[in-house]
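Undergrad: Spelled out from the first residue to the last, the chains are:
Protein chains: 2
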Amino acid sequence: MTQPLTTELVCAVDLGGTNLRAANIDSSGCIHEHVKFPTPDTDKAEDIVDAVVAAVAHCETEAAKRAARIEAVSVVVPGSVQAESRVIVNAPNVPAIVDFELAEAMEAKLQRQVLLENDANAAALGEMWQGAARGSRTIVCLTLGTGVGSGIVLDGNLWHGADGTAGEIGHTSVNPFGHVRCKCGNIGCLEVYASATAIVRMTREAFSNHPASQLNSVAEGDLTARQVADAATMGDELALEIFRKMGTYLGIAAANIVNTLNPEMIVIGGGVSAAFDLFAPAAQAEMLRRAFPVPAARCQIVRAECGDDAGLLGAAWLALARV
Amino acid sequence: MTQPLTTELVCAVDLGGTNLRAANIDSSGCIHEHVKFPTPDTDKAEDIVDAVVAAVAHCETEAAKRAARIEAVSVVVPGSVQAESRVIVNAPNVPAIVDFELAEAMEAKLQRQVLLENDANAAALGEMWQGAARGSRTIVCLTLGTGVGSGIVLDGNLWHGADGTAGEIGHTSVNPFGHVRCKCGNIGCLEVYASATAIVRMTREAFSNHPASQLNSVAEGDLTARQVADAATMGDELALEIFRKMGTYLGIAAANIVNTLNPEMIVIGGGVSAAFDLFAPAAQAEMLRRAFPVPAARCQIVRAECGDDAGLLGAAWLALARV
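Line by line, the protein sequences are chains G and L. Quick note on the numbering used here: the first sequence kicks off at 68 and runs consecutively. Quick note on the numbering used here: the second sequence kicks off at 68 and runs consecutively.
One or more hints might be untrue.
Given that identical chains are not distinguished, each listed pair holds provided it fits within a single copy or across any two copies.
[Claimed, not checked] In silico lysine to any residue, SDA-like type, Cα no more than 20 Å apart, as pairs:
(1) K111 with N86
(2) K312 with N242
(3) K250 with V361
(4) K111 with E171
(5) K132 with V285
(6) K250 with A364
(7) K312 with E372
(8) K250 with E113
These aren't lab readings, by the way, just hints derived from the structure by calculation. Because the structure is a prediction, the values reported are computed rather than measured.
Chain G extracted, bound-state conformation (with noise of 0.2 Å):
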């Protein structure tokens, strides 16, 4: 006779464009059985394929060490599932993946049902479950990493739009008459301005109009959005002046999404929300003397809190939804 299960858990995992990560998730959110490997470096499908199926057959295994049985597979990809096919279109950190059903080879490998979702998505479940937007029911969550992700989730569910495809505010443009095109082709998208890639772009940019900065001396190709935050915590005028800008574009996002969506929350994430202190007081401003004031008041800019495990704990959300 099995015992009861007081709680569910699912397997959720995370494929990045540097790292696989994946974890056994209960329906309190505790993550158990964290795993981590490098994303393979390849351009076949089938090594990615295999290297999933790797990381859930071992989260498979830990949890039978403990007489957990795991409930369902929830996978997250930087990528757009669409959806009715559930073929991934735009992951360019993981392109052996692109145009293929990745949810469906690992169906046949596993021999049971996976959910797929976009990780920016995830990450928007994930802060809306466990982190800075608990409580509330629309929010739309930013990941400033490499790129400029975003999920969009309205009153409580995911939007996904009539492809698959909604919540790519990082390609919305805030300067549609500037120079900087987008790896994506446009002019003036957000990612643009608000990526960790963007920052460092803007930095050099700005080194002429700034020869005392500390930062003249990181030598060509070493300079990183990092060294840039830290020198604006240590005062460094260029580095200030750059997390003013970024946070100026981030605030016309912002009023943009005010503007359109009225949601509770803008919830920032990603690597770059380390420096939230830096550009949010900027954000904020901007986002307040753009935006209609009712919903202007009503939407609060957070720092996200579920940090790296966020697309994690929305994969799970997802799969525990249909447990």
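Start from chain G and add chain L according to the hints.
TA: Just chain L now, with coordinates in the frame of chain G:
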């Protein structure tokens, strides 16, 4: 013994800045007993209540003459309706009803429930029910008139946001670093480039570059968007340029909508949509240039089909959904 009703009948009222229109509308979308009065030029909310109640009473009397019964009453207004309080905010064209509970005041006089909705939201529903978006479930409708209103329908339902103020796409920034301040206080709203007012302003600003334009002969203060459209239709280069420019800005907003919401369709209504063929090619091209390929290919930009009746039809749809 009463006869069984074959179709339900509701009374829809569209309170505009210029005219107050009302009609009885049946569940097949047929419009009966349509009336139109000038909206009272008043700063007293009570005068507006009296006018709207009189319009409903007229519709009730007319329905009674053919032994039909009105099942529900629905009013749309040119302002945001706060979700819980049903207080109207942001109604620059009918200032008497700002911060006023119009529905409650009507209910007290009519002794029946009254539904209240924003006019641009209702227009989106009207186009989905009886117009250009028949068969679609996820659309954005932009109403280009004196200002730019918009309504967002997601999976068949209006998206109101946390407070009821969502859908103000006319006040998202399409040129945030431009020189044009909107009445709302923001710089570079879609409204200052895509409304009738904007067309007149942009035409005046371009006069000096087009001394040969026939529009130069129009007396200061007399120029209308209709005249600019007529001139464009006759090949006037200044007028054609203005509509291309307006279409470009509309395309920037459309690309932001497409990447954010992934809708099936963007419907363009309002008086300015009479010039659809003059601005739509530029809008479509700009949207395709800026948005991601998958959602851009999916989203059609189309001309509204319900004309001045869109708001009434949307109001009726809401009322019928409650019957």
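Undergrad: For each hint, tell me whether it holds in the structure or not.
TA: Results for each hint:
no.	hint	result
1	K111 with N86	within (16 Å within a copy, 64 Å between copies)
2	K312 with N242	both (12 Å within a copy, 17 Å between copies)
3	K250 with V361	between (35 Å within a copy, 16 Å between copies)
4	K111 with E171	within (16 Å within a copy, 64 Å between copies)
5	K132 with V285	neither (50 Å within a copy, 85 Å between copies)
6	K250 with A364	between (34 Å within a copy, 19 Å between copies)
7	K312 with E372	neither (24 Å within a copy, 43 Å between copies)
8	K250 with E113	neither (26 Å within a copy, 56 Å between copies)
Of the numbered hints given earlier, the model fails hints 5, 7 and 8; all others are met.
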